[in-house]
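> Given next are the chains, with one letter for each unit.
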Amino acid sequence: MADALAGAYTPPGFVTAVLGKAVNWARTRSMWPASFGLACCAIEMMATGGAHNDMSRFGMEVFRASPRQADLMIVAGRVSQKMAPVLRQVYDQMAEPKWVVSMGACASTGGMFNNYALVQGVDQVVPVDIYVPGCPPGPQSLMHGIMTLHERIKSGEIVR
Amino acid sequence: MSKPSDTVPGDLEAPDFNEGASPADLEPATDDRHTVHDLWLSGTEAPRQLGSFTHEGAQEMLHEESDQILSSQRGTIVEDDFEGAAGSGDDELQIINMGPQHPATHGVLRLHIELDGETIRRVKPIIGYLHTGMEKTAEALTFMQGSTNVTRMDYLSPLHNELCFSLAVEKLLEVEVPPRAQAIRVLMSELNRIASHLLWSATSGFDIGALSMMIYGLRERESVLEFFEKTTGLRMNHNFIRPGGVAADLPPGWQGDVMGIIETVTAGVADFETLLLGNPIFIERTEGIGILTREECLAYGVTGPLARASGIDYDVRKVFPYSGFEQYEFEVPTASNGDVYDRFVVRFEEMRQSMRILEQVVETIPAGDYRTENRKVTPPPRARIDESMEALIHHFKIFTEGFRVPAGETYQAVESSRGELGMYLVSDGGPKPWRLHVRGPSFAHVQALPMMLTDSLIADTVAALASADPVMGDVDR
Amino acid sequence: MTAAPANLAATVEAFSHVEFDRVLGDSVARVPREDVVGFLESVRAAGYEMFIDLCAVDYLVRDPRFDVVINVVALADSSRLRVIVGVPGPDSTMPTITSVYPGADFYEREAFDLLGVSFEGHPDLTRILLPDEWEGHPLRKEIAIGSVPVQFKEANKAQ
Numbered sequence: 001m002a003d004a005l006a007g008a009y010t011p012p013g014f015v016t017a018v019l020g021k022a023v024n025w026a027r028t029r030s031m032w033p034a035s036f037g038l039a040c041c042a043i044e045m046m047a048t049g050g051a052h053n054d055m056s057r058f059g060m061e062v063f064r065a066s067p068r069q070a071d072l073m074i075v076a077g078r079v080s081q082k083m084a085p086v087l088r089q090v091y092d093q094m095a096e097p098k099w100v101v102s103m104g105a106c107a108s109t110g111g112m113f114n115n116y117a118l119v120q121g122v123d124q125v126v127p128v129d130i131y132v133p134g135c136p137p138g139p140q141s142l143m144h145g146i147m148t149l150h151e152r153i154k155s156g157e158i159v160r
Numbered sequence: 161m162s163k164p165s166d167t168v169p170g171d172l173e174a175p176d177f178n179e180g181a182s183p184a185d186l187e188p189a190t191d192d193r194h195t196v197h198d199l200w201l202s203g204t205e206a207p208r209q210l211g212s213f214t215h216e217g218a219q220e221m222l223h224e225e226s227d228q229i230l231s232s233q234r235g236t237i238v239e240d241d242f243e244g245a246a247g248s249g250d251d252e253l254q255i256i257n258m259g260p261q262h263p264a265t266h267g268v269l270r271l272h273i274e275l276d277g278e279t280i281r282r283v284k285p286i287i288g289y290l291h292t293g294m295e296k297t298a299e300a301l302t303f304m305q306g307s308t309n310v311t312r313m314d315y316l317s318p319l320h321n322e323l324c325f326s327l328a329v330e331k332l333l334e335v336e337v338p339p340r341a342q343a344i345r346v347l348m349s350e351l352n353r354i355a356s357h358l359l360w361s362a363t364s365g366f367d368i369g370a371l372s373m374m375i376y377g378l379r380e381r382e383s384v385l386e387f388f389e390k391t392t393g394l395r396m397n398h399n400f401i402r403p404g405g406v407a408a409d410l411p412p413g414w415q416g417d418v419m420g421i422i423e424t425v426t427a428g429v430a431d432f433e434t435l436l437l438g439n440p441i442f443i444e445r446t447e448g449i450g451i452l453t454r455e456e457c458l459a460y461g462v463t464g465p466l467a468r469a470s471g472i473d474y475d476v477r478k479v480f481p482y483s484g485f486e487q488y489e490f491e492v493p494t495a496s497n498g499d500v501y502d503r504f505v506v507r508f509e510e511m512r513q514s515m516r517i518l519e520q521v522v523e524t525i526p527a528g529d530y531r532t533e534n535r536k537v538t539p540p541p542r543a544r545i546d547e548s549m550e551a552l553i554h555h556f557k558i559f560t561e562g563f564r565v566p567a568g569e570t571y572q573a574v575e576s577s578r579g580e581l582g583m584y585l586v587s588d589g590g591p592k593p594w595r596l597h598v599r600g601p602s603f604a605h606v607q608a609l610p611m612m613l614t615d616s617l618i619a620d621t622v623a624a625l626a627s628a629d630p631v632m633g634d635v636d637r
Numbered sequence: 638m639t640a641a642p643a644n645l646a647a648t649v650e651a652f653s654h655v656e657f658d659r660v661l662g663d664s665v666a667r668v669p670r671e672d673v674v675g676f677l678e679s680v681r682a683a684g685y686e687m688f689i690d691l692c693a694v695d696y697l698v699r700d701p702r703f704d705v706v707i708n709v710v711a712l713a714d715s716s717r718l719r720v721i722v723g724v725p726g727p728d729s730t731m732p733t734i735t736s737v738y739p740g741a742d743f744y745e746r747e748a749f750d751l752l753g754v755s756f757e758g759h760p761d762l763t764r765i766l767l768p769d770e771w772e773g774h775p776l777r778k779e780i781a782i783g784s785v786p787v788q789f790k791e792a793n794k795a796q
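Residue numbers (my numbering), protein chains in the order written: chain A, 1 to 160; chain B, 161 to 637; chain C, 638 to 796.
Accuracy of the hints is not assured; some may be wrong.
Said to hold, decoys possible - Derived DEER-like restraints, expressed as beta-carbon distance ranges: (1) B:Ile553 x C:Glu678: 48 to 56 Å; (2) B:Asp615 x C:Ala643: 39 to 47 Å; (3) B:Asp615 x C:Glu678: 25 to 33 Å; (4) A:Gly156 x B:Asp615: 55 to 63 Å; (5) A:Gly20 x B:Leu230: 55 to 63 Å; (6) A:Glu96 x B:Ile618: 29 to 37 Å; (7) C:Arg667 x B:Gly590: 19 to 27 Å; (8) C:Glu678 x B:Arg542: 56 to 64 Å; (9) A:Gly20 x B:Leu371: 33 to 41 Å; (10) C:Leu697 x B:Leu230: 33 to 41 Å; (11) A:Trp25 x B:Ile256: 36 to 44 Å; (12) A:Gln140 x B:Gly413: 20 to 28 Å; (13) A:Val159 x B:Lys557: 51 to 59 Å; (14) B:Gly590 x A:Ala51: 44 to 52 Å.
Read the hints as simulated data drawn from the structure, not as lab findings.
We put the CB at the ideal spot given by N, CA and C, even for glycine.
Model the full assembly from the supplied sequences, consistent with the hints where possible.
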């Protein structure tokens with residue numbers, strides 16, 4: 001395993017380390033979500049963008065309709081079998097670096113609907129970085145999930 | 161794409177959408193009946209790769225359709241007011257796709273729209289992107305658990321769904337719900353109507369271009385959600401109204417909370433009306449748009465604020481009263497033009513009438529039980545379980561096996577924020593429903609979209625769709 | 638036939654073999670499938686103008702296997718009517734009612750999609766809620782719910 005890693009990682013020099021940190025910091029500071037609200041969780045996502053729990057303080061209230069302009073896809077709601085190809089297509093259209101937050105129980109694991117119609121967890125279709133539990137997760141839970149994502153990006157744990 | 165196995169539960173394969181998805185493997189998805197429009201892509205991606213994934217086959221709008229389908233897509237089945245494309249040849253017509261991921265389709269609704277320049281000629285809604293198999297799930301859950309499933313259908317008015325389900329079960333059980341429980345149900349139901357209309361005004365205003373409506377509407381709604389959280393424990397999808405009554409009594413001080421909500425929302429609605437209804441831009445964008453005539457509403461089962469804006473005076477709370485609504489004084493606002501403007505007027509007035517009902521509930525709510533005494537249906541109080549063996553057994557039976565509902569079938573309707581929400585419940589005498597069919601109001605409204613949209617401009621699609629207030633959870637279940 | 642609502646006197650006369658019933662306060666009529674279009678036309682002319690719902694129920698071991706249930710409302714008289722049509726299992730088709738109530742279009746497609754009941758004469762009987770290439774009709778009683786076994790992290794350790 002050491003051989004596999006040997007060529008892959010070179011310790012950064014002083015300038016590139018600071019630059020790397022700056023880039024990570026910038027990536028978290030205005031992470032624009034793609035609007036992918038599907039069901040009940042979408043309403044809580046909208047409430048998170050509202051005035052009471054303001055997502056705009058983190059530079060995130062601009063939900064981009066076009067996935068090309070978005071960094072973060074918050075899959076908010078249950079993903080049916082018919083919707084899964086659409087989800088994958090929207091994810092593919094997003095430009096790197098991109099992250100996915102699976103919001104709610106239905107997106108994370110299929111939730112209470114363990115049946116023929118739903119994809120049991122959106123991670124069957126797209127790679128997920130953060131799972132936010134709840135049915136639906138309140139705005140504070142969603143904020144906590146997004147903050148966790150920001151922390152992990154800033155620390156370099158999740159790269160893209 | 162793999163499909164679930166037919167008879168053995170539990171060997172469902174997770175579909176792998178990346179299987180064989182390299183560009184070389186995919187066949188171009190054209191045949192005689194369909195044309196896939198090429199997407200312009202940068203040189204790194206193969207053409208046709210993305211288009212074929214989301215192809216919906218025979219459910220899409222086709223270029224050649226039978227006359228009957230054409231008349232339904234043109235919205236002329238009830239009234240033939242279609243004016244043919246003057247001067248545009250067939251090759252100038254273009255079918256565009258709107259959704260299912262779209263900021264203004266209010267959920268995952270997909271519309272195929274045939275355009276002649278800017279004018280809409282045909283519309284075909286394609287639904288099913290939020291199909292959750294809730295009717296099948298309802299057959300696997302007991303009647304006590306049924307509220308948790310049903311509440312997530314129309315997720316903007318969860319309490320209405322729960323109320324309809326509970327009323328249907330109680331009808332089959334033939335149990336009486338105590339008057340205090342009925343009053344609590346009315347209270348929660350009207351608060352939910354206000355919350356739903358506030359969210360609707362927020363998103364509709366936002367779609368039409370009044371961007372600040374989003375902030376204002378959500379702000380007023382937060383006060384209602386705070387009360388919901390205090391009473392039911394959750395902001396949405398409460399599972400509060402259950403067969404037999406409600407899950408818990410109202411918290412102390414609720415009268416002050418409700419009066420505070422009434423004050424806030426009254427001021428808010430007055431603000432919205434000033435902001436919107438007199439605004440010349442708003443009037444231009446909404447008057448005469450998305451008209452539904454009375455005959456079209458009747459033929460398609462359009463109910464609720466849409467029907468009332470077209471002049472049909474049908475409100476289930478007045479015509480087929482339930483849960484004690486007949487004792488409260490309130491009016492049902494109607495309008496005559498059936499356009500988007502009238503729907504705004506009707507919904508704002510409905511919020512005021514709901515607040516009138518809330519005031520009456522606060523004044524006249526009787527003391528008493530918040531759920532029926534019938535211990536075969538509602539669980540006993542927790543303290544009794546330590547004292548009485550019978551209470552322990554009842555609790556155990558209700559939460560493990562579930563209470564049995566006598567065999568029979570019934571249809572129960574309530575007036576949800578969107579229209580008539582109905583449930584057809586069939587029981588076979590066991591602890592779980594045999595069949596639960598939910599008549600969602602938005603299903604009929606989405607079906608009526610061609611009639612609202614044809615022969616108008618593409619820019620009016622968003623306004624008309626917003627005014628129809630479809631909730632896809634209701635449509636697809 | 639005293640169980641029939643008063644406004645349906647003409648219908649009762651024209652369709653004397655149809656049974657009317659009062660079930661838990663609702664008016665219900667059981668109509669054989671050959672007569673359903675004529676019956677509904679007569680009902681609609683009697684004032685039941687508003688179409689509310691159409692759904693299908695699978696009774697599996699009963700004959701006829703399926704029930705198609707149609708709900709309509711008469712606004713003038715404030716009354717509801719439920720029309721139930723029995724559809725046998727092996728030959729699960731019935732005539733479409735879209736000629737009487739155009740709003741039944743999507744509802745019939747849904748009954749076809751989820752339960753496999755076909756409607757003769759329906760202009761566009763395709764799937765509506767499930768993807769186009771889906772096989773089977775999930776709400777039928779012989780088809781399981783399709784659940785996935787839930788794997789708990791400690792499952793292997795416990796053994």
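> With reference to the structure, classify each hint as holding or not holding.
Hint check:
The given range of 48 to 56 Å is respected by isoleucine 553 of chain B and glutamate 678 of chain C, whose C-beta atoms sit roughly 55 Å from each other. For the pair aspartate 615 of chain B and alanine 643 of chain C, the beta carbons lie near 42 Å from each other, so the given range of 39 to 47 Å is met. Evaluation of the 25 to 33 Å hint for aspartate 615 of chain B and glutamate 678 of chain C yields a pass: the beta carbon distance comes to about 30 Å. Against the hinted window of 55 to 63 Å, the Cβ-Cβ separation of glycine 156 of chain A and aspartate 615 of chain B comes to about 57 Å, which satisfies the hint.
For glycine 20 of chain A and leucine 230 of chain B, the hinted distance range of 55 to 63 Å is satisfied, since their beta carbons lie about 60 Å from each other. In this structure the hint that glutamate 96 of chain A and isoleucine 618 of chain B lie 29 to 37 Å apart at CB holds, the actual value being about 33 Å. Checked against the hint of 19 to 27 Å, the pair arginine 667 of chain C and glycine 590 of chain B passes, with Cβ atoms roughly 24 Å apart. For glutamate 678 of chain C and arginine 542 of chain B, the Cβ-Cβ distance of about 57 Å falls inside the hinted range of 56 to 64 Å, so the restraint holds.
Distance hint check: the CB atoms of glycine 20 of chain A and leucine 371 of chain B are about 37 Å apart, consistent with the given range 33 to 41 Å. A C-beta distance of roughly 39 Å is found between leucine 697 of chain C and leucine 230 of chain B, which places it inside the suggested range of 33 to 41 Å. The beta-carbon spacing between tryptophan 25 of chain A and isoleucine 256 of chain B, approximately 41 Å, falls within the hinted interval of 36 to 44 Å. Judged by the Cβ atoms, the range 20 to 28 Å given for glutamine 140 of chain A and glycine 413 of chain B holds: they are separated by roughly 23 Å.
Taking the beta carbon of each, valine 159 of chain A and lysine 557 of chain B are about 54 Å apart, inside 51 to 59 Å as hinted. Remark: the range hint 44 to 52 Å for glycine 590 of chain B to alanine 51 of chain A is upheld by a beta-carbon distance near 48 Å.
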